[in-house]
Amino acid sequence: MSDQTTKLIHAFSALADLGEELADTRDFEEMVRTTLHVVLGALGVRRGAVAEYMQDDATLRFVAAWGLGDDAPATLPFAAASAEMLSAPHPRALSLSESEQLKLVQHQLGDTLVATLGELRLQLVVPLVVHKKFVGFILLGDKATDEEFTVYEREVVRTMARHIGVGIFNHRLLREVEQRAEESRGLYDNLRTIYRDTVRAFAAAIDCKDKYTQGHSERVGKYSEIIAREMGWSEEQVEGIAVAGYLHDIGKLVVERDIINAPYKIDAKQSSELNRHPAAGYEILAPIQHPYADIPLMAKYHHERIDGRGYPEGLTGDQIPPGAKIVSVADSFDAMTTDRTYKRRKVFTEVVEDFRKNAGKQFAPEVLAALCRAMLKEVNGETKERVMIKLLGKGYLEPEECRPLLVELIAELESGASLAAGSV
Amino acid sequence: MVDSHDRSPVRSARSGDIAVIYASDYLNKLSGERIERECRAHLGAGCRALVVDFKNTGLVNSIGVSIMLGVIDAAERAHAPLVFSNVNSQAAQLFEILGLTLHAALAADEHAALRMLSDLNVAHPQRVPVGKHT
Ligand SMILES: [Fe+2]
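From first to last, the protein sequence lines stand for chains A and B.
The first sequence begins at 1 in our numbering and counts up by one.
The second sequence begins at 1 in our numbering and counts up by one.
Possibly wrong hints are sitting among the right ones.
[What the hints assert, rightly or not] A few chain A residues that face chain B, going by a derived Cβ cut-off under 10 Å, partial list only:
{"no.": "1", "residue": "ALA14"}
{"no.": "2", "residue": "THR34"}
{"no.": "3", "residue": "LEU40"}
{"no.": "4", "residue": "GLY41"}
{"no.": "5", "residue": "GLY44"}
{"no.": "6", "residue": "ARG47"}
{"no.": "7", "residue": "GLY67"}
{"no.": "8", "residue": "SER272"}
[Stated by the list, open to error] Keeping only pairs whose Cα atoms sit at most 25 Å apart, straight-line, the calculated SDA-like set for lysine to any residue is:
{"no.": "9", "chain 1": "B", "residue 1": "LYS29", "chain 2": "A", "residue 2": "GLU84"}
{"no.": "10", "chain 1": "B", "residue 1": "LYS29", "chain 2": "A", "residue 2": "HIS163"}
{"no.": "11", "chain 1": "A", "residue 1": "LYS222", "chain 2": "A", "residue 2": "LYS384"}
Treat the hints as calculated values from the structure; they're not laboratory data.
Glycine included, every Cβ here is placed at the ideal spot set by N, Cα and C.
Next comes chain B alone, as it looks inside the complex (with noise of 0.2 Å):
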């Protein structure tokens, strides 16, 4: 399960002060790590708000849980709202139980992400069109 030289980039989109860092199939693995370090970076670059999203991804499993709670970690050390959009029921239940949905909001999908963030203002996503993978 090692994979470090797995170095495929992570994809991410910006639609206004919001990132949405599509996990894929990298969250299980060491190679997740990318994805919190996608988030750091826009964090840095100026993002307030953070969508992940597990369109892609089928089953969570604890290296994947653990890297969510990095990225919860990375968002809360930055003030800014996150939430993950597309988790399937059983990863749902796993959040819930594991206390991750404390820290994130839980979206249907990615423009339900983005809606929930806009009502909280943080973001005005309407300014810039969220890309193909809307």
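Pulled out of the complex, with its shape left as it was, chain A reads as follows (with noise of 0.2 Å):
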């Protein structure tokens, strides 16, 4: 075979390895080293070096050096007007050992760019543009045969360049893809945080309005998400769940304080009053964009009853969103377990009497059976935290106690034993 034409195959070859490289994405600065080990390769060229424009801070950083010993820097400065001025198609390959080219080189590099490449021995300086953006240049040093690059090998390297701008080019597309991705991830997160901030100070406003139901908000908050949790949610509705225990009760604030604070027990007409705050908070909530779903209706039939004797609609079973009957026997277990303005709260077994009695009526069964068996767990100690004996206080689950009236009522409560005949 003659010698051009084996140099001619061994630069083609050259040229189908870097498609291949290129289409490698796993590791852009081991895709450009490769690349420039193809270039050197294809042409015997003793070093060079491939070096990306970063705009941000106008350098060139050297992503791939080749046989420049420990000499090659990892970025030297680069004018953005330099930058500028090689955004044109179709660059050309500048050589700083033709002294005819060598004032237009240091017109368009700047002297100190020229001065630093000419003591790396770099001579042939090929801008990387694509779509008339200057992405970066190859720098090679001399040949091996210490001939000067022929016309066909200047063919050669700018087809090359081509294809490795084209890659770099996507690399940066896909960096900035990224890093855009993670801003809104940060941004979103951010949102989330002053939106679960909003909802703590709102759930704080609500129970500030009403003197003897302290906290009541954040309690019924946390028993929903423990609920949830327990009926197998998953994590985004269990925070939305949360989030609804915390606000269900948002109506209030358009109720009189003094209904909500009557230091007895209220008539007829207070009683409607008061039994508006659901619809209303539901007219608070509906507006706002929450990132969870449901949390307005879960507000407004916070009030609803399985057997259809609540409010506001008098909805029945499965009509009742199964966030709202969550919430709903949350409201009721923080509503037996606290003290009230006319009324004790009760021991546990008057809480099991209730559960048993208003299971199918008042209650979702299978949402009373998910509270117990989580608080049989926390009894247990098989939980890490133990939230529901905290808020309760201490000495109120004796475990003792509770465990076998707890195991008995889960064992009715999803067998269906305890749901009242003739309920829905």
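Using the hints, put the two standalone chains together into the complex.
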């Protein structure tokens, strides 16, 4: 085979290798290093580098270098004006060894860079331009033959430069997309934090209005969260129901303080005023874009009952959204287990009795069962945190007393035995 | 072709002041850079001449050529003579066209390479047996 043919075949197979390397995006720097080898090896060039232009800090970053010993710089300053000048399509390779070109090259690259490249014995500068944007250089030293680059070899380098330029450009796009995604994620996390803080602030505002139910909203949020998790809801849904628990009584903000704080049992008129709060809550919450589904509906229906005797709409059974059934149980459980204006809290046996009596009437049995299972797990020490035990206060859940009661009630609820006859 | 996870060591042997590095089939991939690093390590450790043996190397592609140019560079910086042995005819033609043979001599096999360097009086291979690769 003639030398010329061998050379041609070698250069062509190098181009094929280049395509293969550029398609491999697993590691950008390895990809660039490999492509630099392909270029150097295709033409027998003894040293070289690929530098990427970093627009943000106006520098050339040496992504790969070969044959420069320990002299290869990590970065070099590169003026934005030079980058602008080089951003023309089909750029020419610039030679530092041809004196007639030197003035032009110095004008385009700046004297300092030209001097540095000279020290590194890099003599052919090939700009990488993609979509009229300068993205970097391939910098080549002398050939092992010590001959000048031929026209044909410069063409090979230009073709390779186009490929490598596209590789760098694509990598840059990918990096930008990843960065934007990261920023968006950060922004989203911030918004969620702001949202949660706002929700907590509202919950505190709601509870402030009712001096006897301090901390009620927060507790309902926590109980709802525990029940939903026990029922196998996703973490996203669990976060949502916690918010619904915090905000379920937000409608009380529009109910007169005297009615909420009445130190006696309120009359029918006052009661109907108070009963406006779920619908009022819905009105407040509906216009807000919540990051979780159905928050307004959970507030609206948290006083509905399975048997249809609740309010505001008298929905029955599965007409009531699952989240509202959970908030309803959490709300009532907290009402039973905290002292109110006109009554002291129930002891645990009374709570169990209430659950048994009202399962399938006021409360959804599967929700009660989940609450009881979660409570039993805490009592048995099977959970990392003992949220309910803490909220209910020391001594409220006596393990020896409540364990058999809970086991029995869970069995009844799960078998449907405590469903009152005729209930939905 | 990127193979950063391939970490098997490059085989090499010492024969007096001469290091013999076996290019094997690493050469045509990025992992071939380890051949150049191995050469530099031997030079750093006082080696005065290098042999790169191509006995188990098939075709040499552009990456392989570039890596050998790196070896040439390392050897020249250390003023150490360099011989390529067991180079097949296709690779030999390529090395000649691309100018590598202006910087490294070709020898038929490892023995011939060591003899060549011994004649240059850079080392004394007879002092230390070359080992199982010869
Ligand atoms: Fe309520």
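Tested hints:
{"no.": "1", "hint": "ALA14", "result": "holds (4 Å)"}
{"no.": "2", "hint": "THR34", "result": "holds (5 Å)"}
{"no.": "3", "hint": "LEU40", "result": "holds (4 Å)"}
{"no.": "4", "hint": "GLY41", "result": "holds (3 Å)"}
{"no.": "5", "hint": "GLY44", "result": "holds (3 Å)"}
{"no.": "6", "hint": "ARG47", "result": "holds (7 Å)"}
{"no.": "7", "hint": "GLY67", "result": "holds (5 Å)"}
{"no.": "8", "hint": "SER272", "result": "violated (73 Å)"}
{"no.": "9", "hint": "B:LYS29 x A:GLU84", "result": "violated (36 Å)"}
{"no.": "10", "hint": "B:LYS29 x A:HIS163", "result": "holds (19 Å)"}
{"no.": "11", "hint": "A:LYS222 x A:LYS384", "result": "holds (15 Å)"}
Against the hints set out earlier in the document, violations occur for numbers 8 and 9.
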